[in-house]
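Assemble chain Y onto chain H, guided by the hints.
Here's the letter readout for the chains.
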Amino acid sequence: MYRYILNRLLLAVPTLIGAAALVFALMRLIPGDICVVRLGGGGGMVDPKAVAACHAQLGLDRSLFLQFVDFIVGFAGGNFGISMWSGKPVIVEIGSRIAISLEIAILSTVVAVAIAIPLGTLSALRQNSWLDHFVRTVAIAGIATPSFWLGIMSILLVLEVSQLTTGAPWMPPIDYVPLWEDPLRNLSIVILPALTIGYRYSAVTMRMTRSAMLEVLREDYIRTARAKGLLEQLIVNRHALKNAMLPVVTLIGIEFAFLIGGLVVTEQVFNLNGIGRLFVQAVQNQDYTLTQALVMLTVTIFIFTNLVVDVLYAWLDPRIRFG
Amino acid sequence: MSALLDVRNLHTEFRTGAGLVRAVDGVSYTVDPGETVAIVGESGSGKSVGAMSILRLIPDPPGRITEGQILFGGRDLLGLSPEEMRAVRGSEIGMVFQEPMTSLNPVLTIGRQMTETLQQHRGADRATADRRAVELLSLVGISDPERRLRQYPHQLSGGMRQRIMIAIALTCEPKLIIADEPTTALDVTIQAQILELMTGLTRRLNVALIIITHNLGVVARYAKRVNVMYAGRIVESGPAADVYHDPRHPYTIALLRSVPRLDRPRQARLDPVEGQPPDLTRLDRGCAFRPRCRFAIAACAEARPPLEAAGAAGHLSACFRRDELGAAQAAA
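From first to last, the protein sequence lines are chains H and Y.
Letter by letter, the first sequence follows residues 5 to 327 of this note's numbering.
Letter by letter, the second sequence follows residues -12 to 319 of this note's numbering.
For the record, the hints were derived by calculation from the structure and aren't laboratory data.
One thing to keep in mind: the hints can contain errors.
[Said to hold, decoys possible] Short derived list, chain Y residues pointing at chain H, Cβ under 7 Å:
id	residue
1	Leu42
2	Leu44
3	Arg73
4	Gly77
5	Ser78
6	Glu86
7	Thr89
8	Leu91
9	Asn92
10	His141
[To be verified] Not everything, but these chain H residues come out facing chain Y in the computed CB check (under 8 Å):
id	residue
11	Glu223
12	Asp224
13	Tyr225
14	Arg227
15	Arg230
16	Lys232
17	Gly233
18	Leu234
19	Leu235
20	Arg242
21	Lys246
22	Asn247
23	Leu320
24	Asp321
25	Pro322
Positions of the beta carbon are idealized from the N, C-alpha and C atoms, including for glycine.
Only chain H is shown next, with the shape it has when bound in the complex (with noise of 0.2 Å):
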């Protein structure tokens, strides 16, 4: 087991290479100019003199694989470089933001797994019922809908709702503050967010749920457990849950490493500063520095919950063996 990990960390290298090859090369593929953007705002005339002197600043004037190496030695030594844009460690940079697209990542799977299995469940149950009907009317919603459309209305309605019961409309605060220091405020920031990216991640994995239990509720072993005279919520609960979560997990894990850096729009919309919109604003400006650091991260990111869905299978799964 601890072989298999440390074997899996290891082949993770050539993974972080690869990427790390693949997003320098995008990014100086990309038409323009840091440093063009840097001293002319997008217009006008620039002096050649000032630009060549940002580059040299910035170590662009040195040749594309000197710079390479430079990047990865540099993060292999676990030091990210300075933002081009901003001139602050790019550590600090994501440092400030990653909390909350963490928190809300983690919030959302919450949400989304409170939600997904028992109705998944049940669903599969009474297959065809008015409740699975319900479920999975709910769950194409959740699918169909954007998240920032829902998100725009949860907002609207909090207003409109704390203005017909309060009379003066509530918004969640904008500053973010961090769990530890003010539970409070800090929730009613990241809750409807949360709430509205757990519906539609929920609305996901609940189709898995049901259609993974259908599947599993089909197998031999369901007929042995019944012919076992066992009641019903043990033969869902010990028999067929543990294996049709197999698939759900997989999901769970793919859709949480997307939540951090994926949440672009909806980070938008609840005005929240997170992993999400640093990585546009990274793109737009040009920022070499931060972009990798910023692809690193969701790369690792991606890794390590495929390890974790991995070691929870070997958990989930006895007949998996590591090898």
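For chain Y alone, kept in the frame of chain H given last:
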């Protein structure tokens, strides 16, 4: 002695896209306490559905038991509430399935799958249930039972898994075990072991056994009585020896010719049952075996022959020519 199980006029239907399938179409038979009864027939003859109907394990929809009675110890199982039926399953009637590979849950230990039955039906605590599981594993001939309890199904061979299924079926000391093709998925050498084990144990513990099979050799050797099924009906039934040596239905005769026998010359050719099993959605009013029958006469197209006495006491056949068949076989 009154029968332990008395199935009367059982009808089980499936609504399918192609139409209504009468998988079990008016089947009646009895099983005495401690008796081994075989139900024989080819795939699709309704033998498994009939057995699953006893435990009311037919998936509904699409299946449904539409008519009949299943008297078990005098109680009609079809009249029980789901809760009462659950108390019968695994406790008074045990079941062994065809596929030991897929009939055990892959993600639960053998121990958990064995003890849960006892915990459920007898309210046994973990330690008691564990002791009983060890005892049962020794009973079915599995060595090192304590270690096996901690293992998962994929760590055991097919034969061992089927032994475990038998142990599970025996857990609550049932009065009846239904074994649905218990050896079909196993190697031939293992088949004999499992059958010996099952019939030996049921005899010793005085448990009645319904053994569903398409293997007539099994019938001859282990069963006291046999019911031959074709297209959802019993076409011949009687003491195993009588049916084996003096078959009175063309289908039974054909089945017997299709298996190798040691009491025939080695050169004798095997004779498969010709044609295909009938499409159960398109049966007419005549005998369902008629299209494949070499003894068919005009009357066979007019009505289904009823199950009536033929030959020795207790021997029944659903063929208009059952008496002629007896004479023809005797002459041959």
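Hint status (Cβ of Pro322(H) to nearest Cβ of chain Y, threshold 8 Å) = holds, 4 Å
key: chain H contact restraint for Thr89(Y) - C-beta distance below 7 Å   = holds, 4 Å
inquiry  = Lys232(H) was flagged as interface toward chain Y. Is the shortest Cβ-Cβ separation under 8 Å?
reply    = holds, 4 Å
request  = Double-check Leu44(Y) for me: the hint is only fine if its C-beta lies closer than 7 Å to a C-beta in chain H.
outcome  = holds, 6 Å
request  = Would you settle whether the hint for Arg227(H) is holds or violated, based on the nearest Cβ-Cβ distance to chain Y being less than 8 Å?
outcome  = Holds. Min distance 6 Å.
query = Should the interface hint for Ser78(Y) be scored as holding, given a Cβ-Cβ cut-off of 7 Å against chain H?
reply = This interface hint holds because 6 Å falls under the 7 Å limit.
ask   = How about Asn247(H): closest beta carbon in chain Y under 8 Å, or not?
value = Holds - the Cβ of Asn247(H) comes within 8 Å of chain Y, reaching about 6 Å at its closest.
message = Tell me if the interface restraint on Arg242(H) is satisfied: Cβ within less than 8 Å of some Cβ in chain Y.
response = holds, 7 Å
key: Hint check, Leu42(Y) versus chain H [nearest Cβ-Cβ separation less than 7 Å]   = For Leu42(Y), the interface hint holds, since the closest Cβ of chain H sits about 6 Å away, which is under 7 Å.
task = Closer than 8 Å between Cβ atoms is the bar; does Tyr225(H) clear it against chain Y? Give me holds or violated.
result = Where the cut-off is 8 Å and the nearest Cβ of chain Y is about 4 Å from Tyr225(H), the hint holds.
inquiry  = Can you verify the interface hint for Glu86(Y): is its Cβ closer than 7 Å to any Cβ in chain H?
reply    = Nearest chain H Cβ about 6 Å off; hint holds.
query = Is the shortest C-beta separation between Arg73(Y) and chain H less than 7 Å?
reply = holds, 5 Å
Figure legend: structure checked against the earlier numbered hints; every hint is met.
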